[in-house]
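Asker: Residues per chain, in single letters:
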Amino acid sequence: MSNPDEILDPELKLYEKRKGVYPKAVDGTFRRLKWVIMAVTLGIYYVTPWIRWDRGPYAPDQAVLVDLANRRFYMFGIEIWPHEFYYVAGMLVMAGIGLFLVTSAVGRAWCGYSCPQTVWTDLFQHIERAIDGDRNAQFRLQDAPWGPKKIAKRFGKWTIWLLVAMATGGAWIFYFADAPTLARDFFTGEAAFVAYATVGVLTATTFIFGGFMREQVCIYMCPWPRIQAAMMDEKSLTVTYKDWRGEPRGSVKKAEAQPGSFGDCIDCNQCVAVCPTGIDIREGPQIGCITCALCIDACDKVMDQVGRPRGLIDYVTAEDAELEKAGQQHTPVLKTLLRPRTLLYFSVWGAIGLAMLFAVGNRTRIDISANHDRNPLYVQLADGGVRNAYTANLRNMENRPRTMEISMSGLAEAVLWSNQGSRETAGQTIMVEVPADSVGRVRLFVAAPGEGPAREEFTLTVRAKDDRTAQDTHDVFFERPEAEE
Amino acid sequence: MVDKQRVDEATGTKTVGHEWDGIEELDTPMPRWWLWTLYATIFWALIYVVLYPAWPMVNSATEGVLGWSSRGDYEKAVAMRETELEPIRQALVNTDIHDLPNDPELLNNAIQGGRSAFKVHCVQCHGSGAAGSKGYPNLNDDEWLWGGDMAAIEYTLVHGIRNPDHPETRFSLMPAFGRDGILQPSEIEDLVSYVRVISGREKESGSATRGAGLFETNCAVCHGSDAKGDRTQGAPDLTDAINLYGLDRASINDTITNSRNGVMPRWGHRLDAATIRMLAAYVHSLGGGEDAPGEQEVASEEAATETSEDEQS
Numbered sequence: 001m002s003n004p005d006e007i008l009d010p011e012l013k014l015y016e017k018r019k020g021v022y023p024k025a026v027d028g029t030f031r032r033l034k035w036v037i038m039a040v041t042l043g044i045y046y047v048t049p050w051i052r053w054d055r056g057p058y059a060p061d062q063a064v065l066v067d068l069a070n071r072r073f074y075m076f077g078i079e080i081w082p083h084e085f086y087y088v089a090g091m092l093v094m095a096g097i098g099l100f101l102v103t104s105a106v107g108r109a110w111c112g113y114s115c116p117q118t119v120w121t122d123l124f125q126h127i128e129r130a131i132d133g134d135r136n137a138q139f140r141l142q143d144a145p146w147g148p149k150k151i152a153k154r155f156g157k158w159t160i161w162l163l164v165a166m167a168t169g170g171a172w173i174f175y176f177a178d179a180p181t182l183a184r185d186f187f188t189g190e191a192a193f194v195a196y197a198t199v200g201v202l203t204a205t206t207f208i209f210g211g212f213m214r215e216q217v218c219i220y221m222c223p224w225p226r227i228q229a230a231m232m233d234e235k236s237l238t239v240t241y242k243d244w245r246g247e248p249r250g251s252v253k254k255a256e257a258q259p260g261s262f263g264d265c266i267d268c269n270q271c272v273a274v275c276p277t278g279i280d281i282r283e284g285p286q287i288g289c290i291t292c293a294l295c296i297d298a299c300d301k302v303m304d305q306v307g308r309p310r311g312l313i314d315y316v317t318a319e320d321a322e323l324e325k326a327g328q329q330h331t332p333v334l335k336t337l338l339r340p341r342t343l344l345y346f347s348v349w350g351a352i353g354l355a356m357l358f359a360v361g362n363r364t365r366i367d368i369s370a371n372h373d374r375n376p377l378y379v380q381l382a383d384g385g386v387r388n389a390y391t392a393n394l395r396n397m398e399n400r401p402r403t404m405e406i407s408m409s410g411l412a413e414a415v416l417w418s419n420q421g422s423r424e425t426a427g428q429t430i431m432v433e434v435p436a437d438s439v440g441r442v443r444l445f446v447a448a449p450g451e452g453p454a455r456e457e458f459t460l461t462v463r464a465k466d467d468r469t470a471q472d473t474h475d476v477f478f479e480r481p482e483a484e485e
Numbered sequence: 001m002v003d004k005q006r007v008d009e010a011t012g013t014k015t016v017g018h019e020w021d022g023i024e025e026l027d028t029p030m031p032r033w034w035l036w037t038l039y040a041t042i043f044w045a046l047i048y049v050v051l052y053p054a055w056p057m058v059n060s061a062t063e064g065v066l067g068w069s070s071r072g073d074y075e076k077a078v079a080m081r082e083t084e085l086e087p088i089r090q091a092l093v094n095t096d097i098h099d100l101p102n103d104p105e106l107l108n109n110a111i112q113g114g115r116s117a118f119k120v121h122c123v124q125c126h127g128s129g130a131a132g133s134k135g136y137p138n139l140n141d142d143e144w145l146w147g148g149d150m151a152a153i154e155y156t157l158v159h160g161i162r163n164p165d166h167p168e169t170r171f172s173l174m175p176a177f178g179r180d181g182i183l184q185p186s187e188i189e190d191l192v193s194y195v196r197v198i199s200g201r202e203k204e205s206g207s208a209t210r211g212a213g214l215f216e217t218n219c220a221v222c223h224g225s226d227a228k229g230d231r232t233q234g235a236p237d238l239t240d241a242i243n244l245y246g247l248d249r250a251s252i253n254d255t256i257t258n259s260r261n262g263v264m265p266r267w268g269h270r271l272d273a274a275t276i277r278m279l280a281a282y283v284h285s286l287g288g289g290e291d292a293p294g295e296q297e298v299a300s301e302e303a304a305t306e307t308s309e310d311e312q313s
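Protein sequences, first through last, are from chains G and C. Going by the working numbering, the first sequence opens with residue 1, and the numbers climb by one from there. Going by the working numbering, the second sequence opens with residue 1, and the numbers climb by one from there.
This is chain C alone, in the form it adopts within the complex (with noise of 0.2 Å):
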């Protein structure tokens, strides 16, 4: 190789001896200067495994002395935002609830908090869409079963539905017309075919005319005569679109036959007040929040069938 060097005529410096299909390579010297970038380099490494973690051990990496560390930084972040955070939540938990949507600052704000802390709470049950599936409502709807105002919705976070712990949770129990033996099979199907037509899934039938009579025995004393629910008790209106459990034959027979018993649990020992708060503004905030009522909706108490569900449906 190197008695292939030779001294290129144009420039006068030597080559490196290497050919590739008659192209060679000058052996021009370095900048000195580049070197020293090198030692600089160097330098600047020795001084950073110093001063920060670098050295792998068995069970973790030197520290370095600055003790930085991405976790560190991390916590730090979460601190200074917590920090952030806390007049907010301060504000949140001193404003009353019904004066919410005259601050609309805080309400977003309030909103927004709450949608993350539904995406750790609540997800698992009613969906990341909040959009629920059988059983499990959907929050984005217009139809609440225990009532869609925000001290409402608050007021199901903080006690939960059906808590036996709990005494002031909310309850209600809609009695297992079948399975109790109250009534018999055939008089179960005459219901869910009156059902059906109340809720405008059915033409009038001989059925449903029977159905009629026997709503209003056994449960029109929850639901209403006019079968459009008691919220005070959870009783869902089953005139309209909406059913937690499907409007088909086989869901409402199974209802009526087993009875439904959601049960949500209490939030109010787990969560801080400013997080349910933030919860109950975003659950409102989805569509279907209502405005808070003048005077609690006192529907016609009567003979019971369907009970409630959960919350709200």
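Isolated chain G, as found in the complex (with noise of 0.2 Å):
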């Protein structure tokens, strides 16, 4: 470590300037395997909102809708309605759970490849470089006084970020309305404010975070490092630079005119050139390391031009490290992999996973419930009789419209009728026609004779008409006044 009272700022700062970071470009393993996951990611967002799937007339056929104005979540096969919503918070504890599994086992691997701020960030500078040229140029041109050439590059770039940036914000509004729709609406001025509200603040997020914040909003904004780091152990993968080999650090003719005296680093600032967070790896793990290995693949090319072995950074767990610098053997993959933590948080994530899917294939389509009036609890009728009244919610959770039959047991000598019916024609079923894909309402009357016990219980069944095996049963009461006088 340096001095510190040469790194220490005389006149120390309350606020501090960005330090821009001009990424070089750089090849190997991990940027192609960047590559890869940035085309699948992005190819899924922008693409998913335009999948058919067919549902019927009385369904969207729109494979992934969250429909919001209808209370209905469709995922291919899966429609979710809103007293389900348990199967999305299902989804996120999976999410939650799933990034603890990945974090322990292979450390920030989410944040270096697949968190949006990264993919975005990295498409951004791509566009940065295919203008203003690899890091040299940008270095240059950001020094350059403003020109012609400079405001023309400057413009020209921003007019990208600000096109993908219109591209990001525009798909997410399709995962709510029809997409084709939408988008006809969308351009021709006619959607809702919010469609239009909702582009414009996640164009102005992407554009701003993307092109400006992005390292920023890994290191101040974002919670997610902070939780990593009580996430991660000795155990997890972590980018590392192997300072028991690389240091001291020396040029290559150094080391040949003194053999023996120099680590395998030649000092040639590869990896902090091409770092998109603008880091020293060698500085050891910090929170501005987002492990994109970007810094392996350029270690990887020098150590090749140079001859000596690949791997002076590499991902290395801490224990590992240790081992490695004893002269030891890593641990086997397999062992550091399979131990109970990650095995822990597998299992726990496996049966959410499992509940769920069992959840799902077994759920019903209909279901009734029904509220008994309790204003009045019962009504005196002329004949002696007492009659009650329900109120009763049949789900139809099918994409097509039902006859339900509502009936009742439990009750001697009961009739049952609704709104539409009068008591001189009450059986003991009633037939309701419930729209596809909603819920019916209908009040139910039911009358028995006034002599009997204050309270008592009975079943309202529903079966669905066209399929008799499914149906669902609520347990009610029936109300009698207390015996007077």
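Just so you know, these hints were derived from the structure itself, not from any lab. Hints may be right or wrong, so weigh each one.
[Claimed, not checked] Derived DEER-like restraints, expressed as beta-carbon distance ranges:
1) G72(C) x L14(G): 43 to 49 Å
2) L35(C) x P309(G): 44 to 50 Å
3) P56(C) x E283(G): 53 to 59 Å
[Said to hold, decoys possible] Derived DSS-like pairs (lysine-lysine); straight-line CA-CA distance at most 30 Å:
4) K14(C) x K13(G)
5) K24(G) x K254(G)
6) K301(G) x K254(G)
7) K17(G) x K14(C)
8) K14(C) x K4(C)
9) K253(G) x K242(G)
10) K14(C) x K19(G)
11) K14(C) x K242(G)
12) K17(G) x K4(C)
13) K4(C) x K13(G)
14) K325(G) x K301(G)
15) K335(G) x K325(G)
16) K24(G) x K157(G)
17) K253(G) x K301(G)
Owing to the predicted nature of the structure, the values given are computational and were not obtained by experimental measurement. Every residue gets a Cβ at the ideal spot worked out from N, C-alpha and C, and that includes glycine.
The two chains are supplied separately, each in an independent frame; assemble them into the complex guided by the hints.
Answerer: As structure tokens, then:
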């Protein structure tokens, strides 16, 4: 470590300007992996809303649709109603535990490869390189005075960024409405204000976060690196500079002049040049490192050129680093991966997933719930009978209209009718038409003789006429006046 | 404190000088853009203060150049709703009340509107569940003093019951047999026995047999010799399980002695026709609503005893 006095700014400021990061282009295993992941994630993001999925004439044909207005969430073959929101909660829990699992096994892989901030920043940096040139050209342009060329380049870059940002914000809204319709309405100015507002906000955030904030988001705004610090242990993969092998640094010439007194690091600074967050990995693990491994690619290339073994910077767990330093073998990968912590995360994650799959497979698509009228609790009828009323909700969660039969059991000499019928025509069952994918509400009247217990439980059953196996029951009370006089 | 300041080895950053059980805080400078967000919020606050109500004054706040107020928003929402409802109100007024059941959608709209109007105008007497109480009819049940089809209910709503200022109001008067000395207390007791026998509350007795004769002379003219009542004059059916003032001896005795003359205000001049129709549809929907009668029920007119109470019972 250098002398602290040299590092310390004599005029310590309260606020610090962002130091520009101009990462150099690099090629290698991890760079290619990043390309693939970028293509896949952006592809999923932009294409998904346009996938069609036939659900018949009564439901939207969009494969993934969050229909907020009608409170339905469609995901391919699964349709989720508001009362089934626990599936969404379960998916969020799985996403959370999934992040724990990934972090404990392979460290900040999420940050390095698939976080939207990383993916869009990466995309924006490629655009930047295409317009401004690579790292050194960017430096020069940054320092150059404003002239026609610089203005043209800046304007061109920002325009392309803005277009990407608009496409990003634009794609988002298609998840919430029928994509082709919304696209037409959007461009003819007929879409809802909220659609334009959403696109505007997301365009602005993408443009600013991807173009200008970049690593500032990771270092200052995102809570996840802090949480990850607690999730990681000595068996989690991190990008590690093997200082025991690299130090002391010295150029190839120096090493040739004094063999044996220098490590493998030739201090070429390529690892720093390619870093998208502008850090020096050789200072050790730090919060600015998103483990994107571009420095590994850069270093491996240099090591190849100077004829030294690859992996001076490498994915190594802290435990393996200690072993390697001591000249011992790494712990086998499987042993590192299959440790109680990861197994526990995985089993919890898998258990929730299986439970949800099971629940989705077995959920009923027909449902009855009935509320007993409390005001009045019962009605005395002229002939001495007593009537109770219920408001029944019949959920038809299939994408077709259904005729449902409501029947009752467990109440002697009782008759049932709905607001459409009358006591004269009442019987033991009533039929209700429930439109596709909706809740039918029907008021039920039940009349029974006045003599009997003050409170009696009985059961309402609903069956779909087109599928007698689909049924649901609901227990309700029948109330009578307390014996008088 | 400042003398505790030191430079942290690992980061090369100065500490602020505080120390809690060995934990120190680095004096890392804030990112400059963070300061900009602070300025942005201040800038926004200035705009907001100009646009919207902001500064509290003595009587009210500054108005803001947009003239926005939550009360104004509410009024706009109400006005918008009124505009939406206008076609329904028009359709309701233009539809013959007998045809209303044939238009399920309009009927349902009317019922929902009636439910709201009921909560404002009717709950004071009939209760929030329309279950009534002693002297105030339960509108859920299947006994009606003046008729339970939609048109009859609407007539009752428009003209009220026993409104002295209105010629078309539903009107009848049961004599106060005891108070006016028409019957002796013992005769009234006999009538009470008879009424309780025909409504299934008591077993046959000598008193009831004597009461039967008295009933024929005094009561049957309104309630009918079969005591089934007469809706044209709001005379209740005395044989069923429902009575507006109770079927215990004391209540019946009180009714015969002092008579009952419940009053319902008329609403024709207070509410618009659409609202009244909505109320009629709602009351009709509560469970006891009757189909429109082919011919007006004309019960046998006989001697009078107990008279009508209010509209329905």
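Asker: State for each hint whether it applies.
Answerer: Structure-based check of all given hints:
no.	hint	in the structure
1	G72(C) x L14(G): 43 to 49 Å	holds (44 Å)
2	L35(C) x P309(G): 44 to 50 Å	holds (47 Å)
3	P56(C) x E283(G): 53 to 59 Å	holds (55 Å)
4	K14(C) x K13(G)	holds (11 Å)
5	K24(G) x K254(G)	holds (26 Å)
6	K301(G) x K254(G)	holds (20 Å)
7	K17(G) x K14(C)	holds (18 Å)
8	K14(C) x K4(C)	holds (10 Å)
9	K253(G) x K242(G)	holds (21 Å)
10	K14(C) x K19(G)	holds (19 Å)
11	K14(C) x K242(G)	holds (28 Å)
12	K17(G) x K4(C)	holds (27 Å)
13	K4(C) x K13(G)	holds (19 Å)
14	K325(G) x K301(G)	holds (23 Å)
15	K335(G) x K325(G)	holds (19 Å)
16	K24(G) x K157(G)	holds (17 Å)
17	K253(G) x K301(G)	holds (18 Å)
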